[in-house]
Amino acid sequence: LACGTRAGIVKVYDVRSSRPMTIKDHKNGQPIIDIKHHHEGGGDVRRIISSDTRSVKIWDPSNGRNYTQIEPESPINDVCVFERSGLIMLALEAK
Numbered sequence: 001l002a003c004g005t006r007a008g009i010v011k012v013y014d015v016r017s018s019r020p021m022t023i024k025d026h027k028n029g030q031p032i033i034d035i036k037h038h039h040e041g042g043g044d045v046r047r048i049i050s051s052d053t054r055s056v057k058i059w060d061p062s063n064g065r066n067y068t069q070i071e072p073e074s075p076i077n078d079v080c081v082f083e084r085s086g087l088i089m090l091a092l093e094a095k
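If you use this note's numbering, the sequence shown corresponds to residues 1 to 95, in order.
Some clues are possibly wrong.
As the list claims (entries may be wrong) - Pairs of lysine to any residue residues, derived as SDA-like cross-links and limited to a Cα-Cα distance of at most 25 Å, are as follows:
| id | residue 1 | residue 2 |
| --- | --- | --- |
| 1 | Lys-36 | Glu-93 |
| 2 | Lys-36 | Arg-46 |
| 3 | Lys-36 | Arg-19 |
| 4 | Lys-11 | Phe-82 |
In case anyone wonders, no lab produced these hints; they're calculated from the structure.
Working from the sequences, and respecting the hints, build out all of it.
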């Protein structure tokens with residue numbers, strides 16, 4: 001289970017515990033708008049894709065280590081992930 005806060009922090013929980021397993025700070029000061037669980041290819045490698053209005057971060061839920069980060073020029077409205085493909089589409093606010 002993962003949840004995002006208004007302060008831009010993502011917390012990953014094991015439902016059997018009240019303490020988060022991992023805490024990830026986006027460091028933008030923006031609310032988290034989307035969180036997705038993603039499995040790479042056909043393997044067992046899990047990632048979390050979390051976004052605020054400034055960036056999308058793909059990271060390891062077990063240790064919080066960044067895999068990659070996307071920072072478009074326009075604000076992010078939504079993130080769409082095509083499972084097991086590696087394809088990510090962003091809905092941005094046009095200026």
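Original post:
In ascending order, which of the hints set out earlier in this document are inconsistent with the structure?
Top reply: none
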